[in-house]
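**Q** Got chain H sorted already, so can you dock chain B onto it with the hints?
Respectively, the protein sequence lines represent chains H and B.
Going by the working numbering, the residue at position 357 of the first sequence is 357; the numbering climbs one at a time, nothing skipped.
Going by the working numbering, the residue at position 209 of the second sequence is 1209; the numbering climbs one at a time, nothing skipped.
Read the hints as simulated data drawn from the structure, not as lab findings.
The structure displayed is predicted, hence computed values, not measured ones.
It is possible that part of the hints are untrue.
[Stated by the list, open to error] Between beta-carbon pairs, the in silico distance windows are:
{"id": "1", "chain 1": "H", "residue 1": "440", "chain 2": "B", "residue 2": "1181", "range": "46 to 52 Å"}
{"id": "2", "chain 1": "B", "residue 1": "1201", "chain 2": "H", "residue 2": "460", "range": "39 to 45 Å"}
{"id": "3", "chain 1": "H", "residue 1": "422", "chain 2": "B", "residue 2": "1340", "range": "55 to 61 Å"}
{"id": "4", "chain 1": "H", "residue 1": "369", "chain 2": "B", "residue 2": "1315", "range": "36 to 42 Å"}
{"id": "5", "chain 1": "H", "residue 1": "150", "chain 2": "B", "residue 2": "1034", "range": "45 to 51 Å"}
{"id": "6", "chain 1": "H", "residue 1": "157", "chain 2": "B", "residue 2": "1034", "range": "57 to 63 Å"}
{"id": "7", "chain 1": "B", "residue 1": "1025", "chain 2": "H", "residue 2": "370", "range": "21 to 27 Å"}
{"id": "8", "chain 1": "H", "residue 1": "460", "chain 2": "B", "residue 2": "1178", "range": "55 to 61 Å"}
{"id": "9", "chain 1": "H", "residue 1": "129", "chain 2": "B", "residue 2": "1184", "range": "53 to 59 Å"}
{"id": "10", "chain 1": "H", "residue 1": "297", "chain 2": "B", "residue 2": "1184", "range": "20 to 26 Å"}
[What the hints assert, rightly or not] Straight line, CA to CA, 20 Å or less: simulated EDC-like cross-link-like pairs of lysine to aspartate or glutamate:
{"id": "11", "chain 1": "H", "residue 1": "377", "chain 2": "H", "residue 2": "423"}
{"id": "12", "chain 1": "H", "residue 1": "368", "chain 2": "B", "residue 2": "1075"}
{"id": "13", "chain 1": "H", "residue 1": "338", "chain 2": "H", "residue 2": "297"}
{"id": "14", "chain 1": "B", "residue 1": "1119", "chain 2": "H", "residue 2": "364"}
{"id": "15", "chain 1": "B", "residue 1": "1234", "chain 2": "B", "residue 2": "1299"}
{"id": "16", "chain 1": "B", "residue 1": "1119", "chain 2": "H", "residue 2": "298"}
{"id": "17", "chain 1": "H", "residue 1": "95", "chain 2": "H", "residue 2": "37"}
{"id": "18", "chain 1": "B", "residue 1": "1119", "chain 2": "H", "residue 2": "429"}
{"id": "19", "chain 1": "B", "residue 1": "1021", "chain 2": "B", "residue 2": "1065"}
{"id": "20", "chain 1": "B", "residue 1": "1119", "chain 2": "H", "residue 2": "372"}
{"id": "21", "chain 1": "H", "residue 1": "53", "chain 2": "H", "residue 2": "81"}
{"id": "22", "chain 1": "B", "residue 1": "1119", "chain 2": "H", "residue 2": "297"}
{"id": "23", "chain 1": "H", "residue 1": "338", "chain 2": "B", "residue 2": "1136"}
{"id": "24", "chain 1": "B", "residue 1": "1119", "chain 2": "H", "residue 2": "401"}
{"id": "25", "chain 1": "H", "residue 1": "368", "chain 2": "B", "residue 2": "1077"}
{"id": "26", "chain 1": "B", "residue 1": "1119", "chain 2": "H", "residue 2": "342"}
Each residue gets a CB set at the ideal place from its N, CA and C atoms; glycine is no exception.
One letter stands for each residue in the lines below.
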Amino acid sequence: MATKSYDAVVIGAGPGGYVAAIRLALLGKKAGLIEKEGTLGGVCINWGCIPSKALIAAANLVEDIRGAADRGILAERPRVDLAKLRQFKNDVVKKMTGGIDLLEKGNGVEVLKGTAAFVGPGAVEVKGKDGTDRVEAPAFILATGARPIELPGFAFDGKDVWSAREAVDLPELPGHLVVIGGGVIGLELGTVYAKLGSRLTVVEALPSILTGVDAEAVRLVQKGLKERGAEVIVGAKAMEAGRKGKVLTVKVEVDGKERVLECDKVLVAVGFRPNTEGLGLDQVGVRLSPKGFVEVDERYQTSAPGIHAIGDLTGPPFLAHKASKEGEIAAEVIAGRKSARDWVAMPGAIFTEPEVGTVGMSEDEARKAGYEPLVGKFYFSALGRAVAIDHTDGFVKVVGDKASKQLLGVTIAGPEASDLIAEAALALEMGANLEDVALTVHAHPTLPEAFMEACKAALGEAIHRLNRPERPPRSPAPA
Amino acid sequence: MALRLVLPDIGEGVVEAEVVKWLVAPGDEVAEDQPLVEVMTDKATVTIPAPGRGRVVRLLVREGEVARVHQALLELEAEPGASPTPPPGGRARVPERAEGPKPEAAPPPAQAKSQTGAKPLAAPAVRALARRMGVDLATVTGSGPGGRILRQDLSAPGAPARAAGPAAPAGHAPSPPGPVEVVPLRGVRRKIAENVARSKRTAAHFTLVEQVDVTELTRVKERLAAAAREQGVKVTFLPFVVKAVVAALKRHPYLNSSLDEEKGEIHLKRWYDIGIASATDQGLLVPVIRRADQRSLADLASEIERLSTEARAGRARPEDQGGSTFTITSLGALGGLFATPVINHPEVAILGLHRIRPTPVAKDGAVVVRDVMHLSLSFDHRVVDGHVGAAFAYEVIATLEDPSLLFLEMV
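Just chain H, same shape as in the assembly (with noise of 0.2 Å):
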């Protein structure tokens, strides 16, 4: 058995780890990355955010040809080769992952093939194909990510009872999807198979799908879901997948009554949990939440000394992004940096049909936090570029602090959500007004121009919409 030693090595080569080891390797490290899978990226760059991507894309390409007749372009009846799609898929995650292989070691970081458990304190073995090796380093960044959660009566099989992981390489055009859990991922996925073709059912336990998120936003993809012939079942607990003959069976039971879905393939995104077994934390004395997560403080380090620990397996929001930031301030403090946890909103972009972007606080969380909050909505419909695009459901509502007039929060719903947050994301961080956005000239006929006159609207100064006050909310916070 081969001892190889480092400064630090990092445990799981995700957007999380390897950002970590390549910022570890900025900063003068000599780092080691330790991977299970055959290809770099985890979950987000293999098997999650990237090619789902690519789907979406091309699902949303579909939709477009088939509308496209409104504006005097005939091409009706879009065939999917499905095959074909799936190797364009396949080809942007190659790019990737082949990309951060060259990235990795461009940055002079060694990269190790094999599965990663603590023998000691500063000691991991390492079980690859060839077999096995004993790392050592004083620091370590724990970034093995989360999997998904299985429910009880819907083992993964990967044929009839798809975790994302399969869903996403899209075997298949199932004639009806049954996705449980009406979250991110599930909608993401299933809006996919609905704009390819596929009958849509969503079963969500809880009262409305994409908990947490502004419910006007969720109103708008509701209404986009059901004008793509899908069926949205909240409040329904799923039981157990089964067979009646040739056709594939999900129990539900909504107010207490059952009810079978009879459908070709099911898919189960009802959330995730840490990967956190096999890892021998228990060796080292790493401490667990009581939901099984990673214990960290805002340096991320663990309740072992020289364990650091990043992204999913930290608990949620499961978010890549999130885990690249938490990879790099971790490489920075092992690298004696004075870094740590200090951003001011954390985004969230949700693919759906329209998107949804989301950053810093909700009018209730604002309100909550002892703000009286000012409101404004801007709506594409009333947006030239929107309107030229012909992608006008949504809208952009900012909220900001009524006495300061300083940027609270910003929901996005509609065309290219997930690229407009960025600029709200920004805002945030150098502490804007709502003044400093809408007196900043946004270029016109573009998306962004929402954004400034939300301000606008915010501060009863809307240019290309009446300026009346903001509707109260539905369910206005109890005083």
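**A** Positioned in the frame of chain H, the structure of chain B alone reads:
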């Protein structure tokens, strides 16, 4: 049930208070009426008790921060059955709002907690620089729009204003050659720092020093002290000085005034509240003898005794602090030959008393040993010219040298 303890309405005119010291920490179990936190207003230090039994969830204001009245100070997880209702009389127990626990299944989509009203406004690069410099942004006053903290607002702890420039490549402030004990500027110390700095910034200090022959006064004082002791009153020199000062202030009203620079007005005060600067363990306090002109010598003596006893014991009352029109500071044994007292803003003059010592003086052509004391009078030249201040000083001196003149001031 979660309760929020807010800063109560402590007294008239109090709009904010500094959190001086937390007496509990998150996780602590507290009993009803247990002291939770010490806060200091411009008038006094007050302890705020727990509104009921419970467990401290978190502290919402840091030590040294100033909270406004009705601002939440801490979050308390009340015990079931503990009454959250405020008692009559509006004491410290004012739960702001009771919130139920949040449903766990609904994590907010974005980081919301980190941005509260208290979080300082600063761009990411400025925050990173502050961390490298070891500067707590909560202690920095931003000069940017809306109070935003700019790069140039940062300065390393202990260093004068200007910080490391944009470059600061390694990012480390030079380390001191030895260990440094860091003491936060809090409470009375902070108030003193603010007040004397403001005084020095605004007033044009002019100090006049003269000596006083108090041989006669010493004799009178000793005679009166013996008589007063039987009434249970301890007579010192100070009541005589207060009497002499009030008499002189009546004839020189500009020394009993304040300057409103903004309005361009001098306010001559027709009442005489004399502050007595007193050293205490917490720092310098200035309890005030109200309406000193309407009090007899014995009355002044007992009031001075009360004020100084309470101040030294840390029991200074809010109503005895602030609002003086003129201040006397007894520099005493450690006062040196003379000093340059700092005016107690917004007053315009302060009188320093030095120790009395037997001193050879020329009297009637011969050198004799007399009891001599130095006076150091600082006044604000913006309001009081040199000859006016001197005339005041010599009148005080004349009275102290010939205490029989005090009969003229009998009420």
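**Q** Each of the hints needs a verdict: does it hold here or not?
**A** Cross-check of the supplied hints:
no.	hint	in the structure
1	H:440 - B:1181: 46 to 52 Å	47 Å, holds
2	B:1201 - H:460: 39 to 45 Å	41 Å, holds
3	H:422 - B:1340: 55 to 61 Å	59 Å, holds
4	H:369 - B:1315: 36 to 42 Å	39 Å, holds
5	H:150 - B:1034: 45 to 51 Å	49 Å, holds
6	H:157 - B:1034: 57 to 63 Å	59 Å, holds
7	B:1025 - H:370: 21 to 27 Å	23 Å, holds
8	H:460 - B:1178: 55 to 61 Å	59 Å, holds
9	H:129 - B:1184: 53 to 59 Å	58 Å, holds
10	H:297 - B:1184: 20 to 26 Å	22 Å, holds
11	H:377 - H:423	16 Å, holds
12	H:368 - B:1075	13 Å, holds
13	H:338 - H:297	14 Å, holds
14	B:1119 - H:364	19 Å, holds
15	B:1234 - B:1299	10 Å, holds
16	B:1119 - H:298	16 Å, holds
17	H:95 - H:37	17 Å, holds
18	B:1119 - H:429	12 Å, holds
19	B:1021 - B:1065	10 Å, holds
20	B:1119 - H:372	16 Å, holds
21	H:53 - H:81	18 Å, holds
22	B:1119 - H:297	19 Å, holds
23	H:338 - B:1136	13 Å, holds
24	B:1119 - H:401	14 Å, holds
25	H:368 - B:1077	17 Å, holds
26	B:1119 - H:342	10 Å, holds
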